[in-house]
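Visitor: Based on the sequences and whatever the hints tell you, model everything.
These protein sequence lines map, in sequence, to chains Y and E.
Each residue of the first sequence is one higher than the one before, starting from 1 at the first, in the working numbering.
Each residue of the second sequence is one higher than the one before, starting from 191 at the first, in the working numbering.
FYI, nobody ran anything at the bench for these hints, they're computed from the structure.
All of these numbers come straight from a predicted model, not from anything done at the bench.
Beta carbons are placed, not taken as given, at the ideal position from N, Cα and C, and that holds for glycine.
A couple of the hints might just be wrong.
Just so you have them, the derived chain Y footprint on chain E, three or more residues with Cβ under 8 Å [stated by the list, open to error]:
1) 230 to 237
2) 250 to 259
Anything over 10 Å on all C-beta distances counts as not near chain Y; from chain E, calculated [as the list claims (entries may be wrong)]:
3) ASP213
4) ARG218
5) LEU262
6) TRP276
7) ALA283
8) ALA284
9) VAL292
10) VAL314
11) THR328
12) ILE363
13) ALA364
14) GLY367
Computed from the model, here is a short list of chain E residues facing chain Y with C-beta under 7 Å [claimed, not checked]:
15) ALA240
16) LEU241
17) LEU246
18) ALA247
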Amino acid sequence: MTDDDAGLIRRCLSGDERAYRELVERYQTRVFSLALRMVRQREDAEDLTQDTFVRMFRAADRYDPERPFAAWLFTIASRLCIDHIRRRRLKLVSLSQSDPGSDDERQMDVRDPGLGPDEIATRHEEERRTEALIDSLPPHYRIVVMLRHQQDLSYDEIAAALDVPLGTVKARIHRARALLRGRIGEAGTS
Amino acid sequence: MTLRCPESDRVQAVLDDLLSPGDLEAFRRHALGCAACTTELDAYASVFRALGALPLATPGPRLTERVLAAVLPSRIRRRWLRTVGWTYAASLAASAAAAVVVVNLPAWNGWLDAASSTASRQAVQMMMFLLNLAGYATLGIANGWGAIASMVTRIAPLPRALVSLLQHPPVEIALWGAAIICVALLGLLHGGDRSPRRVDPLGMMGV
Chain Y
1 MTDDDAGLIR RCLSGDERAY RELVERYQTR VFSLALRMVR QREDAEDLTQ DTFVRMFRAA
61 DRYDPERPFA AWLFTIASRL CIDHIRRRRL KLVSLSQSDP GSDDERQMDV RDPGLGPDEI
121 ATRHEEERRT EALIDSLPPH YRIVVMLRHQ QDLSYDEIAA ALDVPLGTVK ARIHRARALL
181 RGRIGEAGTS
Chain E
191 MTLRCPESDR VQAVLDDLLS PGDLEAFRRH ALGCAACTTE LDAYASVFRA LGALPLATPG
251 PRLTERVLAA VLPSRIRRRW LRTVGWTYAA SLAASAAAAV VVVNLPAWNG WLDAASSTAS
311 RQAVQMMMFL LNLAGYATLG IANGWGAIAS MVTRIAPLPR ALVSLLQHPP VEIALWGAAI
371 ICVALLGLLH GGDRSPRRVD PLGMMGV
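Guide: Listed below in structure tokens is the structure:
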């Protein structure tokens, strides 16, 4: 948590519109990145980013300054992303398979063309490969990996953000990394 | 093929920096002599590196303004006021149109002829004029120069919002349109006065 975030929220509550802009500019890229990685469509990701900030500002008077602002913001963003994926699930062509030893449903989504080809082409090959691997993860694994590694949230913060037990978060992150480790190995040997 | 070591379950905790210093040191000592754990450590380290190197995606250039348009109180108020302005203009235009239609109905003309006369027509004209004037006066006062702000400090941004509302081309066009319709209606009524229906109760006009 930074005092600046709490201070910005206070200024927003007092009607300072520059504080709104500062807060949006400070976090929009991170929120958008999470949303894009989760839903893969730029337009949807921008909608989710906007919804995240709208909900955050509406609830700003209930924000607890003792809690890290980023974790709170990503709680909102994560839930919106998950809701969006749930709503969209029927539209996705997906192959479901059970994960041995887990109650989680594991979905291997068939990749859809979320990122523009030009954008992908300009990226470094290794980044592209990692992104592709992350995209291949089931959504509930993908989000914990993104919150942990891209947004630097702690296990406790992720558990709070997703409203799931800490043990579940740890198990999902470990399984997700194990999947990535296996796939990176496969990619390296192929 | 490397055999699996039970200690390798701790590799992710090591890289997550979740082990106590004592446990970490113990694992390091173990890993020095364990090929399985060393392999696992290298493999997961590359996973952590790859995940850590993931770039942030860049949103579209207009996202900030789009978000701010949805959350800034002044812009929300402006949007609300614009809606009110449009509603006012549309209502005025619809009222004028309805008045034109009603005035042209035969039944209305019959009633108007019976009741009538220049005085009642002038009353209608005056009423339309006052209605239009009241509309403009309301916006003028709200637009104007802090009159409302001085009375109610809590709605101080209202005049500014109204100014921006009135400067908004569609609203301005709509208001002018409504005014033109009103003027046209007045002209229509006035024209009716110039050439009143000829009433010939005694049948003398053909003479």
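Visitor: Any of the earlier hints contradicted here, and which numbers?
Guide: The structure breaks only hint 5.
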